[in-house]
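Novice: One letter stands for each residue in the lines below.
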Amino acid sequence: MPEISLPESLQGVEAVRSVRIPARLDYEFTAGNASSRFLRGIQQKKIIGQRVPGGRVYVPPRGADPERGQATTEEVEVAQVGTVTSFCMVNVAFYGSSMELPYTSALILLDGADLSIMHLIQEIPANEVRIGMRVEAVWRDDEDIEPTLESIKWFRPTGEPDDTNVRIPGEDHGTGLGSWVGGVAPTEALVRNPRTGKGGH
Amino acid sequence: MRDIAIISFAQTPAVRRIPEVNEVEMLMPAIHGALSQVDMTIDDIGFTCSGSTDYLAGVGFSFVSTLDGVGAWPPIQESHVEMDGAWALYEAWVKLQLGELDTALVYSYAKSSPGDLPMVLTRQLDPITVAPLWPDSVSLAALQARSLLDSGNYTEAQFAEVAARSRRSALDNPNAQLAWDRSAAELLGEDYHIAPLRKSDCAPITDGAACVILAAGDVARSKVKRPAWIRGIDHRVEPIHLGLRDLTVSESTRIAGEKAGVADGPIDVAELHAPFSHQELILRDALGLSSDVNINPSGGALSANPMMTAGLIRIGEVANRISAGDVNRGVAHATSGPCLQQNLVAVLEGEA
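Line order of the protein sequences matches chains A and B. Just so you know, my numbering puts 140 at position 140 of the first sequence, and the rest follows in order with no gaps. Just so you know, my numbering puts 111 at position 111 of the second sequence, and the rest follows in order with no gaps.
For the record, the hints were derived by calculation from the structure and aren't laboratory data. These figures come from a predicted structure and were not determined experimentally. Positions of the beta carbon are idealized from the N, C-alpha and C atoms, including for glycine. Honestly, I wouldn't trust all of these hints.
Label-pair ranges, simulated between beta-carbon atoms [as the list claims (entries may be wrong)]: (1) B/Arg-16 - A/Ile-4: 33 to 39 Å; (2) B/Asp-39 - A/Val-138: 47 to 53 Å; (3) A/Pro-102 - B/Gly-243: 52 to 58 Å.
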């Protein structure tokens with residue numbers, strides 16, 4: 001740091017160590033077409049995914065299929081039952097979270113969907129949650145249903161036997177963890193291009 | 001230098017507010033339009049680069065989610081700039097100059113409507129001494145306009161002539177947001193908005209998106225009959241302190257124009273990114289454009305100003321006119337930041 005020369009009147013004045021500059025911007029955010037359609041489904045206690053005809057079913061949908069780069073024009077209702085594909089046990093309280101500790105946050109692949117959603121697992125001790133476990137959505141009371149994914153309070157075990165053949169989303173065509181074949185990282189040759197059908201063999 | 005051309009350009013119609021779609025939904029028609037015009041898919045593209053900013057719509061990492069509209073799987077070579085798409089085009093041009101790739105997709109987009117744009121833009125100012133004062137973007141431009149009037153070089157009547165001509169030209173642009181035929185004299189009768197600027201001196205607030213495809217050499221020639229070759233491109237930045245600059249001139253534009261070779265041949269058309277009428281006058285001088293140059297036949301940013309995109313549109317508009325055979329050589333300019341802080345100039349030309 002170069003030596004700074006101060007005018008006499010400022011010598012000995014305490015340095016400014018911090019300033020507080022609050023900034024607030026308000027936005028009138030809209031969900032967009034695809035998310036609106038999804039949320040309208042939630043209002044009717046339906047979970048509705050979207051796809052490009054013939055493509056994968058995305059839920060929740062954002063309007064575009066990242067594999068095809070096309071608009072997802074077709075709606076598909078998926079099951080409210082699915083399989084845990086991964087989970088974590090949360091032992092720290094985050095800002096804004098009113099959950100009792102510890103709780104389990106999981107990726108759940110709903111039957112009929114190709115994208116797992118993230119949600120809470122309850123009604124089972126946290127340390128008994130496991131990959132492959134079958135779970136079902138637990139909705140709020142009907143009068144409290146709103147166009148938000150929070151209308152599903154959490155998922156709970158169905159009691160069905162575990163899916164021992166749990167499918168990682170994308171595994172069947174070279175995406176996700178499943179594309180690490182024999183410990184080899186995915187490369188262009190190993191990853192199937194969903195548009196051209198090349199690679200991934 | 002490799003010969004690199006713009007071979008396709010598409011934009012969404014500019015509108016004040018598109019609440020019914022999210023950003024990727026708004027953007028997809030531009031991307032798919034640009035690709036389909038030259039019968040290409042994402043699999044024919046070597047490099048993808050986009051320009052956007054999260055501050056406008058208030059969505060974090062929005063550029064990652066808009067990549068869904070491209071088809072970015074298997075993982076593509078991609079980059080993003082927190083700048084107008086014209087700078088994304090510059091990055092793509094540099095990437096193609098390296099010689100490894102022959103094609104690039106460049107896009108940009110903005111939904112400015114969810115926020116209060118003049119307030120949002122204060123966040124790009126010096127965070128300690130300027131941003132806390134929340135000087136809105138129109139007020140900053142008005143400071144510049146006042147300096148220009150005070151210099152004696154231009155008058156409010158000349159501002160009004162730019163404003164009137166731009167909206168009249170926009171009558172021929174189906175993508176324009178503001179298009180009307182009113183005289184400069186009539187505009188001078190308007191009340192001041194933020195003096196000395198009237199509302200007609202200011203660009204509208206716009207939601208919109210645009211996409212350009214670049215290709216090198218014979219790839220470009222194989223795709224279109226008349227590619228718009230990028231003969232020169234350069235960009236320069238002014239210091240962040242507005243008080244350091246002579247606001248009546250644009251030294252960064254002058255240097256960028258010189259480096260891009262604006263003066264190396266006749267200019268048939270110029271698309272200048274001037275969100276305020278007086279800025280067109282400053283830019284015209286900085287680029288040394290003569291009075292017979294057709295300026296902003298699209299209507300310019302005064303007729304449609306999607307943030308992060310209006311600069312890329314300027315390049316696309318010039319390219320379209322060259323590819324259509326209407327003109328042979330043109331200059332496109334893009335700006336970013338307050339009072340023409342950063343400026344990019346590109347010279348485009350048809351095949352000799």
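Novice: Run every hint past the structure and note whether it holds.
Specialist: Status of the hints after comparison with the structure:
At about 50 Å, the CB distance of B/Arg-16 to A/Ile-4 disagrees with the hint of 33 to 39 Å. Roughly 50 Å separates the CB atoms of B/Asp-39 and A/Val-138, a value that falls within the hinted 47 to 53 Å. Separated by about 56 Å at the C-beta atoms, A/Pro-102 and B/Gly-243 satisfy the suggested range of 52 to 58 Å.
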